[in-house]
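Protein chains in written order, with our numbering: chain A, 1 to 330; chain B, 1001 to 1451; chain C, 2001 to 2297.
It is worth saying that the hints were derived from the structure and are not from the lab.
Glycine included, C-beta positions come from ideal geometry on N, C-alpha and C.
Take these hints with a grain of salt, some might be off.
[To be verified] Not everything, but these chain A residues come out facing chain C in the computed CB check (under 8 Å): (1) Phe59; (2) Val168; (3) Gly289; (4) Val304; (5) Leu318; (6) Tyr322.
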Amino acid sequence: MKKNDTGPDGGRTQVLPPPPPTPQGRPPAGPRRRSRRASSENRAAFAFLTPWLIGMLVFTLGPMLFSLYLAFTRYDLSGAPEWVGFANFERMFTTDPRYLDSVSVTLTYVAWSVPLLLAVSLGLAMLLNRGLRFLTGYRALFYLPSLIGGSVAVAALWRQIFGEEGIVNKALALVGIEHTSWIGDPDSALYTIVILQVWTFGSAMVIFLAGLRQVPQELYDAASVDGAGALRRFRSVTLPMLSPLIFFNLLLSVVNAFQAFTSAYVVSNGSGGPSDSTLFYTLYLYEQGFAQLNMGYAAAMAWVLVLGLALFTGCLFLSSRYWVHYGDER
Amino acid sequence: MQARGRGPRRAGARRVVAGSLAVLCAAAVAACGQRLPDHSPEELGGQGEITGDIRLSWWGSGTRNERTNAVADIFEADHPGVRVSRETADFGNYFKRLNVQGAGRNMPCVTQLQARTLGDFTARDVLLPLDPMIESGAIDVSDIPDAVLDTGRGADGKLYMLPTGAAYDALLVNETLAREADAPLPEPGYDWDDYIDFLSQAADGLPEGIPATSLRGGLPNFFIAYVQGLGEEMFSGDALGFSEELLIGYWEMWEEIRARGLANSPTANAEEPPSPEASYVASGDVLSDNRPGNALTPIQGTLDGQGQGHRMTSLPLPSGPAGSGNVLIASGLSIPRNCDNVPTAAAFIDFWANDPRSGDTYASDNGAVTNTTLLRRQLDDPDLPDLKKRELALYQRIVADDPPNVVYPPGYLAVFESAFTRAYQDVAFGHQTVPEAVDTFFAEANAGLAR
Amino acid sequence: MSTTSAPPRPRRLLFGNRPTRSRLLRGLAKHSVMIVTLTLMLYPLLWMFGASLRPDNQVFNTLGLWTGDLTWDNYADGWAGGGQLNFSRFFFNSLTITVLSIVGNLIACALTAYAFARLEFRFKKPLFALVIGTLLLPYHVTLVPQYILFNQLDWVGTVLPLVVPKFMATDAFFIFLMVQFIRALPPSLDDAARLDGCGHWGIFWRVVIPLSVPALGTTALFTFINTWNDFLGPMLYLTEPDAWTVSQGLATFLDATGQSAYGSLFAMSTLSLVPVLAFFIAAQKLLVEGIATSGLK
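Chain A on its own, in the form it takes in the complex (with noise of 0.2 Å):
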């Protein structure tokens, strides 16, 4: 933290010089003042940096890299492990169908609670936004579903909803169709589990509400002077305001979308049922690890997962620099 104290001093000495910078100062300056700025700077930011640092090398790199080299290994959590080389991968996809099932139903999942997600907490977002009373209140009890998370009671409150005795069939009942329990049919129960994410919309929602309080109010005044319509200004005002905010969330809810785990583990009691169709990636990881005791399988899996996911990043954050539009851009 100590360096924090030097920070300011670089500050002042790269001002002192005239001109001070302007807002729209580009190109910033010349080279050699760039020099000393950034490395005045690179002090400061790695002084900022510091309890990060600390924490990635002591309890995230090491684990990180260790699981690297366990999906090399065969091992059962016990005595060392034994290296294989790419057998791991190799059983993947040559001779593990339950791997590829799981794939599948990840990429069934994602591709429908993503979308869904991020339409139903962005349309919330800005129906609690303003210009309606009690605000304060629809927005604790819309964002009341998201805070009992991955509880063990969800599973039971699942049955009663999509159960062969549940609500939704008394309903249909009423309108003279019969049908089976929707959680325990192979056919709908992942349905179920995306409805039970796009429930627990509420963080999304949030972080949309706090940028859609970032946008001033002048833009939407000016739009509408211009006589846009209110289709028309979400094109133009809110969404490019908000598109920082909109990259989170796609990027992080397609990413927990992958790792989805808990409401599937409760809802399954962990087994991935019935037969297979609710088996997520990391609930497959997690029986294969934990259960199966192959950590070394897991591990591989884990990196094949990132693997994927960094490939999908990495274009999201090629794309961003097309839709997304931040405010420190000049």
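Add chains B and C to chain A, keeping to what the hints say.
Positioned in the frame of chain A, the structure of chains B and C alone reads:
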């Protein structure tokens, strides 16, 4: 963001890299260089001062936690220098935590295990053999029948778990519904044909929407009874001991039961919660089910809440040409190699297994107490609830039949049971034919168990 | 480059406010939509609350919300929790861990995020890629090495494995969240502060932090929820019932091999929502109102 000048910060970068490498090495050493305590022969025999801290871990909820705590309290009161710190979790999470603790060489000194999971731990050599402690007299096993004691042995014949409670699976039948349907309960010694006859007779008289049984073709314990009744082996070493034809016959029998409308639907079955009090048999939605014998009490509790006065009863599982199909599922206590207070752990196990106060306090909460003297005390106890007495009485009947012992290979729960349930689900949902599902199951189970 | 969102220049005012009657109708319509949606959404929770008021063995008897016999027994029994410990202990433990985690995450993640969002430094891109990279690895595979590490440090059985990493910004989610928020702030404010003689610390503390109140509030809220609901971490590291958190206490109501207490489970689950809900209501001002008054233009 444009690239910044490559200034004089090389050294700093190098330092960062060097530092991270050092930390990584430390982490690697920490992971691989974990020490196990060196036990002296006296310690291995459970000899030494009974003092200091030990950790005790078990699975369970509610009453079991209270009773286990009470037993540990008595032990602490008997030994003023001892502190027993307690760890509990529900069955599923319990074993996952044990596996992580095992990886960290940090398993509790007294660890509750079950015969079905013992193989996972003996195969990895993380437990101390208890035989030297029995020889030295630190643990007394004279009141435990040999057949029950053997359920705690590993593949090498050494005793790694002292069985303290023996559970069994039973056929639970809603007596009231059976009587209303004019279906007399199967006679003692009944076989699988009698069982199906009973189901179909009941189905004719049962109200609409109440099937005669829950669909249990995917329940491993029921299948074990079938295999035992035929006199076949479940496992030979780390592979399946029975033939594909046998399993084909079994699942075809269940498909027959299902086709005749005697069982509930696979969808209803798939969504049934695992805990006994939330099961269909407990809410009176099916006539019968295969459940652990100790589920009688909670299931009757839910039935009472329905307020229709239904009565639950428990029967042994069907027999076969080779005799009774029931097997015992023992739970017991083990000492891991990483334990640094073996004498106290041994003393605790001995206290648990033999002290009358422990037997009375625990009251066979997790299977019937294996110590015959303690069992007699409980059966004679006028305060023991009637349902519990019926559970213990059925245990005595099953033990009297000299049930066979199944040695469960490592991976039994995680590989065999999960693959078995899943394969039958594939049959019931029409994803696979019976022979296909049996093929898949054999391939998966044999590959998983061999590892 | 100016953002595409730059407002068009104001022109003539064509229309005034809409007539009040149509506004009233629209408000009414909005409220009805809200209430219908809410009822559907909250049914499971209302059912849970209703079930928690039924006698233990009648919990699953109805899909309706209320039945005749109402009882608070489940709350009393559940609170007692079984044994010498009760939920007051678990609530206390959960709150302690939660508060420490919030403090840790706020300090550490704000510092880190400021550096990534506002400063230029060497290895910025690879280091930020590392932040994102840690998000991508499923936490299950680092569980065992981390357990081994904490066991070596002799931290198992204490709250340290759950809390100390929070002070080291190990939760990349929050770094990323704050980076996104801080980058959305106009940098002209930084420049103005720099003219006033502020260094990086001054800009961080006097400009960025006050303007990031919604981001900080969001971080605090999510940390609260994550920590409050976390089960795996406490289960591994806080094995002794003295140290249990609420989520561990809830888990003990269910066990497939013994007796379960659904009534108590629902009662305590309902209660466990209260602190988080209270925090949400209290934090809401910070989350969504704070920025409006901060003078951001």
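Structure-based check of each hint:
At about 5 Å, the closest approach between the beta carbon of A:Phe59 and any beta carbon in chain C falls short of 8 Å, and the interface hint on this residue holds. Look at A:Val168: its Cβ only gets to about 10 Å from chain C, farther than 8 Å, so that hint breaks. The beta carbon of A:Gly289 is positioned within 8 Å of a beta carbon in chain C (closest approach about 6 Å), and the interface hint is therefore held. For A:Val304, the interface hint is violated, the least distance from its beta-carbon to any beta-carbon of chain C being 11 Å, above 8 Å.
A cut of 8 Å between beta carbons decides the hint on A:Leu318: the least distance to chain C is about 13 Å, and the hint is violated. At about 11 Å, the closest approach between the beta carbon of A:Tyr322 and any beta carbon in chain C exceeds 8 Å, and the interface hint on this residue is violated.
The structure fails hints 2, 4, 5, 6 (numbered hints given earlier, in ascending order).
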